[in-house]
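These are the residues of each chain, in order.
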Amino acid sequence: MEVADILIKFGLIIVIFLISLLVAMYSTYAERKVAAFLQDRVGPNRAGPFGILQPLADGAKMFMKEEIIPTRASGLLFIVGPSLAIMTACIGSAVIPWGQSIEIAGRVIPLQVTDINVGILYIFGVVSLGVYGIMIGGWASNNKYSLLGAIRAASQNISYEISMGLSIIALLLVTNTLSLKEITEQQHGFWQNGYFSWNFFKQPLGFLIFMVCAFAETNRSPFDLPECETELVGGYHTEYSSMKLGFYLFAEYINMFISSAVMATLYFGGYNYPFMDWVAAHAGSNISAILGVVILFGKVFAFIFFFMWIRWTIPRFRYDQLMNLGWRTLIPLAIANIVLTGLVITFLK
Amino acid sequence: MEPLSSKRKVLDVKPLNFWERAYLPAILKGLGITISHFFKKDVTIRYPEQKREFSENFRGMHSLKRDEEGRERCTACGLCALSCPAEAITMTAAERQVGEENLYREEKYAAVYEINMLRCIFCGLCEEACPKEAIYLDGDIVPTDFLRKDFIYGKDKLVEAPLNQ
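Protein sequence lines, in the order shown, are assigned to chains A and B. The numbering of the first sequence is the working numbering, which starts it at 1 and goes up by one. The numbering of the second sequence is the working numbering, which starts it at 1 and goes up by one.
Watch out, some of these pointers could steer you wrong.
What the hints assert, rightly or not - In silico lysine to any residue, SDA-like type, Cα no more than 25 Å apart, as pairs:
| no. | chain 1 | residue 1 | chain 2 | residue 2 |
| --- | --- | --- | --- | --- |
| 1 | B | K40 | A | P315 |
| 2 | B | K51 | A | P315 |
| 3 | B | K40 | A | R107 |
Stated by the list, open to error - Which residues of chain A face chain B? A partial, calculated answer using Cβ under 10 Å:
| no. | residue |
| --- | --- |
| 4 | V34 |
| 5 | L77 |
| 6 | L173 |
| 7 | Y195 |
| 8 | F306 |
Hints are computed from structural coordinates only; laboratory data are not their basis. Just so it is clear, CB atoms sit at the ideal spot from N, CA and C, and this is done for glycine as well.
Work out the full structure: start from the sequences and follow the hints.
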């Protein structure tokens, strides 16, 4: 690889990293604003116009707060927990195709950090590593309620990862590839060869299962058991304070961003949009690619909004209901979806 | 069991049907309700900039009134203190001296007039009891303070500003 290529990759990594952080930062603000609007309130409006400096103020507060480490907590692991959580959240973005390739001065720059041919498996691997952050955090706190919370969160993540994986298998039967880039390319445009090209129209049930599991994996609303301090003593982050807690919460928002991007890529055509060929022919491929990136981010933001919308609509599941839904509804449904997809592919193609 | 009244109603809990058990229609309905609130006008009042107006019969801080010529109306009769259920009002009466006719309306006036705002329950009985229309609870909310002694309001805080100001 040439030096220039390495520099380009490096730049891309930095840019995507910064964008993830920025989106996560403003998700906290957007969450509060959306919550306020859904409840006929105003929301944060003190810091800057419309309160847009609120995330900075929150960040400053988090860093300034006193850091409390329980006396008999295991020192190193207590710090490793949140770092792992945020690290695993960040590295998932590496395989997501953010757009078509851009051509600058004869050099083709793919807007994807790396197109490995096991893209989805990589994401699944990274997501399951996230459990370590939670588990280690809960264990290192030296608090039985934290440990219980960590076990609860970990078993929730693992349970829902099963049905998530099963729902993906049906999609893989359709696409025949694990590479996210190729999956996106297959959903080219919007209308292709007489049918809608986005996977959502081929796998609506699979998408539903995947989305529910994504909610559970990111510890988002109907499944946000770590957030109910009053009923369940919060959970794995009970003993954390200042920016360590901030990292845990921030990791949740990055996870939300990444899982939105994955959902948009797998099921909603990623950077594809209707009439993209026409745009590419008339305005040039670079313009089309950039428009594609904007479209992808639009889809991602729509998903993030949906996450928040759901949060202020559906009440939290009880733990047994959560397990019931995961094991006795979603897994059979996902398996039925695989069988159904298999039958359709076998007999109709 | 014998019904206690004719209003007894037997609750009939039907098992949920398929769509109810699937939750999704209910969830979609809920999403519809919440999103409709997204576009509604907010009902909050932006407090420091915008203040909500009190109703006309709001009872706030007391004020001791002056008459048309700027003289204090209070004659220290003590009826307000007597009618006060919280015993928040104390006063000391004094005789008007020659040359003070422009300050006090009657021959007797309140040299000291104190209301303990921590005791006051803002019932408005002092207002009703006053035969001289000298006290009204027409002020704002009593401001906060740090010391208990600062809540005993003397004439400096209670008497209306003179007319010519």
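Structure-based check of all given hints:
Distance hint between K40 of chain B and P315 of chain A is fulfilled; the C-alpha atoms sit about 22 Å from each other, no more than 25 Å. Our distance criterion of 25 Å between C-alpha atoms is broken by K51 of chain B and P315 of chain A, whose separation comes to about 34 Å. Proximity of K40 of chain B to R107 of chain A is assessed by CA-CA distance (about 50 Å); at most 25 Å being required, the pair is judged violated. A hinted interface residue such as V34 of chain A counts as satisfied when its beta carbon comes closer than 10 Å to some beta carbon of chain B; here the least separation is about 8 Å, so the hint holds.
Checking L77 of chain A against chain B by beta carbon gives a least distance of about 39 Å; that is not within 10 Å, so the hint is violated. Restraint check, L173 of chain A versus chain B: the minimum CB separation of about 24 Å is more than 10 Å; hint violated. Of the supplied interface hints, the one on Y195 of chain A is violated, with its beta-carbon coming no nearer than about 25 Å to a beta-carbon of chain B, more than 10 Å. Checking F306 of chain A against chain B by beta carbon gives a least distance of about 9 Å; that is within 10 Å, so the hint holds.
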